[in-house]
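Novice: Here are the chains, one letter per residue:
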Amino acid sequence: MMISNDTALMAHLLRRAGFGATRNELEEYLALGYEGAVEALLHPSEPNNMPDDLIRRYHVEQSELRDLPGSAAYWMYRMVTTSCPLEEKTALFWHGLFATGYAKLNQARSLLNQVDMFRRSGMGSFEDLLVDLSKDPAMIVWLDNNENHGEAINENYGRELLELFSMGIGNYTEDDIKECSRAFTGWTLGNAEYMSIRAAKDSIWPYGRIAWHFDYRDEDHDDGEKTFLGETGNFNGEDIIAIIAKQESTAQFVATRLFQFFAADEITEFGDKAIQAMMATYFSSGYEIRDMLRTLFNSDYFKSEEARYARVKNPVEMVVGAIRMAGSYQNPALGIENVSRNMLFMGQGLLQPPTVEGWHEGSEWIDSGALVERVNFVAKELSNVKSPGVRSIIDRLEADADAGVLDPVGLADGCLDLLGPIEVSEATRFVLVEYAARQGDLDLKGHQQGDEAEQRVGNMLRLVAATREYQLA
Amino acid sequence: MSTQTKSPGITLDYVKTVGIVNNGFNGRGFANPYDIIADNDGRIFVLNRCDPARASAIRIGICNLDDEYLGEFGRGNGSGDGQFTWAVAMALDSHGNLHITDEYNNRVTTYSTGGEYVTHWGNTGSADGELSGPAGIAVDSADNLFVVDQNNSRIQKFSVDGAFIATWGSFGSGDGQFNLPWGVAVDSDDNVYVADWRNDRIQKFSNDGQFTAVFGSSGESEGQFQRPTSITVDSEGFIYVADWGNERVQVLAADGSFQLILKGEATLSKWADEYLASNPEEKAERDISNLTPDLPAHLNTPYHISSQTEPYFWGPVSLTLDNQGRLYVVETNRHRFQVYQKR
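Sequence lines, in order, name chains A and B. Read in order, the letters of the first sequence correspond to residues -4 to 468 in this note's numbering. Read in order, the letters of the second sequence correspond to residues 39 to 381 in this note's numbering.
Since the hints were derived computationally from the structure, they do not count as laboratory data. Careful, some of the hints might be misleading.
Unchecked claim - Below 25 Å or equal to it, Euclidean Cα-Cα: the simulated DSS-like pairs (lysine-lysine) are: (1) LYS301/B <-> LYS196/A; (2) LYS268/A <-> LYS173/A; (3) LYS196/A <-> LYS173/A; (4) LYS308/B <-> LYS54/B; (5) LYS321/B <-> LYS99/A; (6) LYS308/B <-> LYS195/B; (7) LYS196/A <-> LYS308/B; (8) LYS298/A <-> LYS381/A; (9) LYS380/B <-> LYS301/B.
As the list claims (entries may be wrong) - If the Cβ cut is set under 8 Å, some of the chain A residues that face chain B in the computed set are: (10) GLY185; (11) GLU188; (12) MET274.
Said to hold, decoys possible - Quick look at which bits of chain B chain A covers, simulated, 3 or more residues with Cβ under 8 Å: (13) 300 to 309; (14) 317 to 324; (15) 327 to 336.
Glycine included, each C-beta is placed from N, C-alpha and C at the ideal position.
Here chain B stands alone, though its shape is the one from the complex (with noise of 0.2 Å):
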């Protein structure tokens, strides 16, 4: 199902879906889930941002790839220590420590990926190391923090316990300035890349800030996007988009080309299928049912088709990589994630 250029460089297989609803507090499942990352060791962890009759109960789920869920952690939702109220999106650093974004609290909280709370730092504000709205984050191979400070309209660059390093852009639609930025990920060389949100662009920075590309433009079209919210770079230097407004995932080369396009081919997760074995009768009308239908006129946009067509991504909000060359997509809609695997 994904969509190709004549000779592209890359090629990515649909493996499966891992995913169900989670409608309660806590267990196996997801709730509005944000953003994904894989350990080395075979863990992927699930931000749940919750909705707000859920949203008690937001947290960080844990399973792998043979769909056990392995556990869960977080404090709930509010301002107190090891709580969330808007939780965006998480990175992982090299001591096995998750940085978790809150836009709505400005802050950055610390989890073991065990589950134990460490700390959380950030203030409101514009002035350096201040933030308003933080994004999307990322870290370097020394370590090093790259969040977006959406409201603020720029890039700020910490340690990895919170001090202050450096800091660009502002608002804007030139070459290194911003509007509404979401997503932030650094490549194997620690250049930073920018999923600019609003400007419906990706922009590519030296790990100092300098400003080297921009690749994407408004549309629906190959290489175009409309409102990107993540990245993530491989070691060969293939950029993984996630092409939020248009509903995909686009894959572009190192230098900005275009390469291909996933539409999403969700199948039943292991535990859709429990769910549907003990639900026969639902069971039976879904298999006879066309899953993938033709839509009317006013209902053919990409949000509206994702809306009415299960297999397909919807609101891929996040995606990244593990060792091992797969891709993991999640779907905020869904609550879900598609791996594909790059041959």
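In isolation and in its complexed conformation, chain A is listed as follows (with noise of 0.2 Å):
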């Protein structure tokens, strides 16, 4: 099978910044040509995502957002529809890298919210978006900032800010951590006393939940001197910030952890240099995010060889690039809280990450149970002949073929392209033309919605969704 080199680099870009993509959305990044797909998913628009007003009119459980399945489910509708779906992604990544989760929380609405902020902030400055995340309701409950007080201090958050959220271990003393801990002081949320008490007991009562908003208490905040990784001043949260974003081991934590979500799960010394790279441009750009993934995607190492199929789908990746590329779930529907509730049997399910050390990416995900509820969700979703997507699929194959008829290689490789295209080994191929050739020929002329010759496409995406190389982005 030949595949153009712009095709296939298009599909891999798409796959990483995207959740892989239809033909026709193919053929509309490959018009504006790389750097100009580039461009087009570094800068969101008008997402084009299902409407709130519809999702809220029929489903009463994304109107109050008050459970976990219905707001997992909500996010789920936006990423299966959105336009710009690298907003989406980048969301997933801070929402993996910040990880927050429900259990402790029982407040979804602010999940979302939170989810919101790293639409709004995800891709502008790293400064800016630890000031948000400081300032975020579901993170202040989540890491016990509302318990962090002038008198008494709580470290659950400075300790987490420069561990886990930017610098690494290592790069601080406890020392640090205290003043950063001091600094935040009286950042918390409005009716901290009463929405503790809420959380605590999951109190649903008496109307339901009541969302959060940030609240700085400064009679509660500590203003004295404190010295924070060797300067010292009257620091208030936003000092330590501005102090964090200027470190050589933020630039390093932050270009790492893109490199790992968009590029590829191990670092090879080829991969490092993109690196190093992306952390010139996080000094250069003012600590820009969107600047730092345009180095990313422009890089030689991502472009080449050695980047592709580089990284395991993570679930949500495989499950909404089942959904977009089969075209369903386009209008609210019945049963889309169970689509969410699939990608947690998978291991990662959405607003609830399991600790606050996020998902452990890469080979992890497959284990055996998980790999089975991959393959079976995919070949569910592909070989619906009834779904607009796959539909598109058939039609193609029938209108790229002599005469409407396919032999086993044109079936195989045919699915194979219009599903990427993607690339596979030589012994997958084997094993799809055989298949395929069990029963001949195909074809396609007059085919009717749900007939043999559809089928026969419907089994075909169903064995592509089965091989190794569909579970790597």
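Join these two chains into a complex; the hints should help.
Specialist: Here it is as structure tokens:
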């Protein structure tokens, strides 16, 4: 099978900066050229996602956003229907890095507000993002900053801000943690005491949940002198973050985490060059995430063969990618919460990362149980010949075939092409062709929805979903 | 807390709040209530649409203004006799039967107010009498039923037992056209009003479907709407609109001129008081909290404000009047209704 390198490279970009692409989407991005496509992805415009009014009308649970399943499904709808996939992908990246979970909060609405903040600030300055994160009420409750008082500090947030959210362990002292924590005293949420009781009791009474907002209590803030990473002053939280942002270790941390999410699970010597370039961009741009991503996507490493299929798709990428390819769930539908539940079975429940460290990415996504869930879900989506995206694949196969007839090689290669293109090993391709050959040539002329010819395409798409290569991004 | 014009022809006084969230499968309280009706005997019927976790308990709860929970009925979630999937709205006919729409099963189900399942009717489709997403439903003085057939962009008129009589409307934004209409009401002269949901306006028709007026446009100003869901009209012709997307209620005069806005001013219901009395720590913190806070700019939308401001309407999906001039506004996201008295 001959795949143009431009097409293969664009498909690679869209698997990383998005959730994969239908052939129509791929062609739209190809028309922009590679760098043009990168810019389009980096500058989200109107996302054209399923409108809130429609969602709220039919899904009462997504109007109230009280419980976890409906709230995860609400984000699912956004990811499935957005025309700005990098915006959602970036939000997902920060959701995994600044991992905040439902279990302690019992407050899904505020978690979704946090995700909205990631959309708003997630591609801007890292310094601004850390300020927004420190003011995020879900984060405040998650790491107990509402218990961080001028008279008695609670170090949880201060510690994780340095260890897990910016510099990484080994780049600061225990004293720095204390001073950092002092600077964030008074950063709390409105009605903090009442909201804490409600969160702890999982109280929805009397009238459902009350969402959260940031509140600064000057009287509870320790305005005394602090020494942090060698600098001294009457620092408040913003001052601490300004110091964090200018550290080399912070640049290294942010660049590495972006690389591992968007480029490759493992860092090779070649990959490290991209990380170094991203670090340089971090400083030259004033800590702009958008500029770091541009550096990454345009790097020689990212465009190289080495970076292809160098990541295991996370469950969100698997599920959202399959739904977008199939074109299902374009309107409010019963059962969307079961889809987000499926991601949980695969090991990644939206709004419920396992700990503050987020999910363990890479090969850990694929234990045998998760693999079965992954393959089953995608196979079911892609073999449903009633779905508009699958119908579009069938129509393209017919149009591209000589007189509507595909030989076994044509069927296997055609499906691999239209689902990606996906480049597979010779061994994988052999299995697909052999499977197709069992029923000989496929005549798609005059095909009708759900007939045997269409089902043969559905079965081939199902089989592709089970390949090793389909598990990789 | 109502915003009024300089000399409104109508005054509404807040009376009380009834309700509490019901997290279980039966009993006192409400679960994502979607419609409300008060009968002439002081019984109040609340249709609980229920979220997926509680779908098996989809039901009609009965209470009164003395906060007595009188009972409930329904046969759960599904498409069997008396069951619902996505129940939307109710109409009460002169025989004491409730007609309840189900926009998923594309049918109307009838129960007596005593809770006896009577029948259901309606088939999926777009031919005369067929339904696609039946939403609002209202009854006129002759016991004809008007059903908002949302996905067919039309209103259909039926006899009380479901025999097709007439239909009007098509998709669009012109006079007499609809875009995902939701609520419907009939006034004392049997005129028909439709909440043309996605066109952000109210349309008025004669009983046989002749277009007579249109009120409102898209926006947040007085007399403008964001996705109006429900209407009711009093004996003087005042038009009450659940302006759902703006999280408020608006009252118009019979000619459509703006009269006043209600934002909601819920207080603790009797059931809420009882909950807090048995949870004193929670009550103590609540008592010193500010439940009408100022919010940061990024949360400054009607939806976000209402999600954080408990007294305000949040998801005011339906409203109705009783024969004493009381207005009932039911809020799906707050599991309660607020009562106002027309002076």
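Novice: Assess, step by step, whether the Cα of LYS380/B is no farther than 25 Å from the Cα of LYS301/B, and give holds or violated.
Specialist: Holds, at roughly 16 Å.
Novice: Given the hinted pair LYS308/B and LYS54/B, is their alpha-carbon gap at most 25 Å?
Specialist: Measuring from Cα to Cα gives roughly 9 Å; hence the hint holds.
Novice: For a C-alpha distance cap of 25 Å, please report whether LYS268/A and LYS173/A respect it.
Specialist: Status violated; Cα separation ~35 Å.
Novice: Assess, step by step, whether the Cα of LYS298/A is no farther than 25 Å from the Cα of LYS381/A, and give holds or violated.
Specialist: Violated, at about 36 Å.
Novice: Against chain A, does the segment 317 to 324 of chain B show at least 3 residues with beta-carbon separation below 8 Å?
Specialist: holds (count 5)
Novice: Does MET274/A meet its interface restraint, that is, does its C-beta lie within less than 8 Å of any C-beta in chain B?
Specialist: violated (30 Å)
Novice: Taking only the CA atoms, is the gap from LYS321/B to LYS99/A under or equal to 25 Å?
Specialist: Between LYS321/B and LYS99/A the Cα gap is close to 21 Å, so the pair holds against 25 Å.
Novice: Keeping to a limit of 25 Å between CA atoms, is the pair of LYS196/A and LYS308/B held or broken?
Specialist: Distance ~21 Å between LYS196/A and LYS308/B Cα, so the pair holds.
Novice: Count the residues of the segment 300 to 309 of chain B with a beta-carbon closer than 8 Å to any beta-carbon of chain A: does the count reach three?
Specialist: holds (count 4)
Novice: Just to be careful, I want the Cα atoms of LYS308/B and LYS195/B compared with a cutoff of 25 Å; is the pair within it?
Specialist: Distance ~40 Å between LYS308/B and LYS195/B Cα, so the pair is violated.
Novice: Classify the hint on GLY185/A as holds or violated, based on whether any CB of chain B lies nearer than 8 Å to its CB.
Specialist: holds (5 Å)
Novice: Using the nearest Cβ pair, does GLU188/A come within less than 8 Å of chain B?
Specialist: holds (5 Å)
Comparing the model with each earlier hint shows violations of hints 1, 2, 3, 6, 8 and 12; every other hint is respected.
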